[in-house]
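Asks: Single-letter residue listing:
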Amino acid sequence: MSALGTLGAGTTGGADTKVTEPKRRGRWVPYALLAPGLLWLVVFFAIPMVVQGSTSLQTGNLTKGYDLTWHWATYWDALDQYYPQFLRSFGYAAAATVMCLVIGYPLAYAIAFKAGKWRGMWLVLVIAPFFTSFLVRTLAWKTILADNGIVVDVLNKLHFTNVTAFLGLTQDDRVLATPLAVICGLTYNFLPFMVLPLYACLERIDPRLHEAAGDLYASPRTTFAKVTFPLSLPGVVSGTLLTFIPASGDYVNAQWLGSPDTGMAGNVIQTQFLRVLDYPTAAALSFILMLLIVLMVTAYIRKAGTEDLV
Amino acid sequence: MTEQQRAGASGDVSLAGLSKHYGDFTAVRPMDLTIPAGSFFALLGASGCGKTTTLRMIAGLEQPSTGSVSIGDRDVTGLPPYKRPVNTVFQNYALFPHLSVADNVGFGLRRRGVKDTRKQVQDMLDLVELGHLAKRKPTQLSGGQQQRVAVARALINTPQVLLLDEPLGALDLKLRRQMQLELKRIQTDVGITFVHVTHDQEEAMTMADTIAVMNGGRIEQLGSPVELYEAPRTTFVANFLGQSNLVEAKVTGRADGDLLLDAQGNRLALPAARSAADGDHLVMGIRPEKITITYAADAKIADNRNRLDGGVIVDAAFIGVSTQYVVRMPWGQEFTVFEQNMERDPRLVPGATVILHWNPTHGFGLESGDLTAGIAEASEDAA
Numbered sequence: 031m032s033a034l035g036t037l038g039a040g041t042t043g044g045a046d047t048k049v050t051e052p053k054r055r056g057r058w059v060p061y062a063l064l065a066p067g068l069l070w071l072v073v074f075f076a077i078p079m080v081v082q083g084s085t086s087l088q089t090g091n092l093t094k095g096y097d098l099t100w101h102w103a104t105y106w107d108a109l110d111q112y113y114p115q116f117l118r119s120f121g122y123a124a125a126a127t128v129m130c131l132v133i134g135y136p137l138a139y140a141i142a143f144k145a146g147k148w149r150g151m152w153l154v155l156v157i158a159p160f161f162t163s164f165l166v167r168t169l170a171w172k173t174i175l176a177d178n179g180i181v182v183d184v185l186n187k188l189h190f191t192n193v194t195a196f197l198g199l200t201q202d203d204r205v206l207a208t209p210l211a212v213i214c215g216l217t218y219n220f221l222p223f224m225v226l227p228l229y230a231c232l233e234r235i236d237p238r239l240h241e242a243a244g245d246l247y248a249s250p251r252t253t254f255a256k257v258t259f260p261l262s263l264p265g266v267v268s269g270t271l272l273t274f275i276p277a278s279g280d281y282v283n284a285q286w287l288g289s290p291d292t293g294m295a296g297n298v299i300q301t302q303f304l305r306v307l308d309y310p311t312a313a314a315l316s317f318i319l320m321l322l323i324v325l326m327v328t329a330y331i332r333k334a335g336t337e338d339l340v
Numbered sequence: 006m007t008e009q010q011r012a013g014a015s016g017d018v019s020l021a022g023l024s025k026h027y028g029d030f031t032a033v034r035p036m037d038l039t040i041p042a043g044s045f046f047a048l049l050g051a052s053g054c055g056k057t058t059t060l061r062m063i064a065g066l067e068q069p070s071t072g073s074v075s076i077g078d079r080d081v082t083g084l085p086p087y088k089r090p091v092n093t094v095f096q097n098y099a100l101f102p103h104l105s106v107a108d109n110v111g112f113g114l115r116r117r118g119v120k121d122t123r124k125q126v127q128d129m130l131d132l133v134e135l136g137h138l139a140k141r142k143p144t145q146l147s148g149g150q151q152q153r154v155a156v157a158r159a160l161i162n163t164p165q166v167l168l169l170d171e172p173l174g175a176l177d178l179k180l181r182r183q184m185q186l187e188l189k190r191i192q193t194d195v196g197i198t199f200v201h202v203t204h205d206q207e208e209a210m211t212m213a214d215t216i217a218v219m220n221g222g223r224i225e226q227l228g229s230p231v232e233l234y235e236a237p238r239t240t241f242v243a244n245f246l247g248q249s250n251l252v253e254a255k256v257t258g259r260a261d262g263d264l265l266l267d268a269q270g271n272r273l274a275l276p277a278a279r280s281a282a283d284g285d286h287l288v289m290g291i292r293p294e295k296i297t298i299t300y301a302a303d304a305k306i307a308d309n310r311n312r313l314d315g316g317v318i319v320d321a322a323f324i325g326v327s328t329q330y331v332v333r334m335p336w337g338q339e340f341t342v343f344e345q346n347m348e349r350d351p352r353l354v355p356g357a358t359v360i361l362h363w364n365p366t367h368g369f370g371l372e373s374g375d376l377t378a379g380i381a382e383a384s385e386d387a388a
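Order-wise, the sequence lines are chains S and H.
Numbers given in the numbering used here equal positions in the first sequence, counted from 1, plus 30.
Numbers given in the numbering used here equal positions in the second sequence, counted from 1, plus 5.
Check the hints yourself; a few may be wrong.
[To be verified] Below, a list of computed lysine-lysine pairs in the DSS-like style, where the Cα atoms sit at most 30 Å apart:
no.	chain 1	residue 1	chain 2	residue 2
1	S	256	H	124
2	H	120	S	256
3	H	140	S	256
[What the hints assert, rightly or not] Here are the computed distance ranges between Cβ atoms for each label pair:
no.	chain 1	residue 1	chain 2	residue 2	range
4	H	195	S	249	22 to 30 Å
5	S	155	H	85	30 to 38 Å
6	H	141	S	71	35 to 43 Å
Rather than coming from a laboratory, the hints here were simulated on the basis of the structure.
All C-beta atoms, glycine included, are put in the ideal place defined by N, C-alpha and C.
Build the full structure now, drawing on both the sequences and the hints.
Replies: Now the structure itself:
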């Protein structure tokens, strides 16, 4: 945008001068560079949005066909009926985001500051799960968390499942088909989206700033609190966004690791679209999900106040 | 604070057998050095000479391989940086980009539990003439302003020793000259020991009371700027600090406290006290501005002056206050001569045959060695 703005200003300035200049060449270059992305967005984002918006306001059924009747009530009905799934979506996504941050921050910190020549290898390991399909990886967690598996055995022996049961995250000494399993799956699947922006941000911090803080009487712990962490905030913000947004819309983890009681908004949308074939409700649900995410992200960015991020 | 100032009065920095190895590489050879409290001390040398490593060992940012660092009576060798009574002005300043200028300057005070730092921060910013920029972020300041914030951030803690790591390296020449005088003024005002690391010999000479010239992880020579310039003790110092004309000579006799020398067939005299060499072979040196250049045909030169005949001017560069001549001597060596532009002899042009002569007390004697030591280092840093 700003590139176009400057360009426009530049041409006006040129027109003011009386001397006839040769026509400036390459004015079309910014537009040419924008064209593929713009075209992509129009075809695969703008048009589907319009279609979807129209679908959400239609009434009718599959056999007779649908008519656009501006039936806003679909939205209220959908929200009224499926608000538990929305709450669950955002709750699970938030929990997974916090867990990603708790696991990912030390990992990114270690790679950025302590890994030395092994940095590259660690980064490859972080993205290595992407070499396997998302679905396969999620299904693997079914085995890991199986009722008679080692993990659940150990968790039971440590009475960890008692704690999670108390929090309402597990039931009957099992992990699979509980909220905990869904949150674990989401955490696992979105961890790289937390680690990579955090790493990129931490890695840019000048190590001399740590030395300067130490020189100015800050212990290593204070140095982290007053220098490293504040400087890594842009990474925290982009990492949490990259984790929270896709996690709230996810349905694979809830479907394979959860139970009917752990359904998320994504599962409802999938069911409405593909099984119930109630397209207006499905479209309305999609819009609600999108709107809520946009609202939450806007509030979050406002609060985090990171001018460095954008 | 009073306690600290009292400690500062006896706050000599003492390095005893201090050295640093990285694997097989020796950055600093075992070094003994005492930096008197309240002095402006410069560690001068080319890149890789070990000066920054030495500074970082005093700061605690680098652990020595052997030896100890003491400040006053206190051995600080094992202390982490945040427990040492020293502060550092880092190369490129290392200002905290997320904090305002005032918060940067108050950082050290707050870490030591000072509650209300506002007054002290404002006073310190006024000292470096940045009071009006307290609310800015470091990135909104010019290089010179950032540099002064870095100095203020360190000085506000009234450390016993202020360490400066190439603090002016990132500034342009004019600003650098200005900041040199500024830093010197501040040091005189606050009376804290300054240890300054630099590769710029002019900067070291302008600012420091005492300079240690470092080369290859050792201190080559320690002394006041005048001592180092007028009586260098090694060929490295002679070439690195200013320019020198060096010529191999043989001692042929002694008379009245003078050494009588034979240099490429010329008889020269040198006060024995001005020679750092013991043996019969030494290197005689003379600074370019100490030499008088005379057109050969009308040579009326006093007998008590050293003279070299038969030189031919190969280059004459007029640079305003002086003219720099390059003179090829009969044995092939080139001498540099700086002549004030007072009564210029128009016959002194390239091709003219000249006599170079000087007062023997201006010469200096060095242990034989590589005549070109230090030349490459000096020009590398000028570039």
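Asks: Would you pick out the hints that fail for this structure and give their numbers low to high?
Replies: The structure breaks none of the hints.
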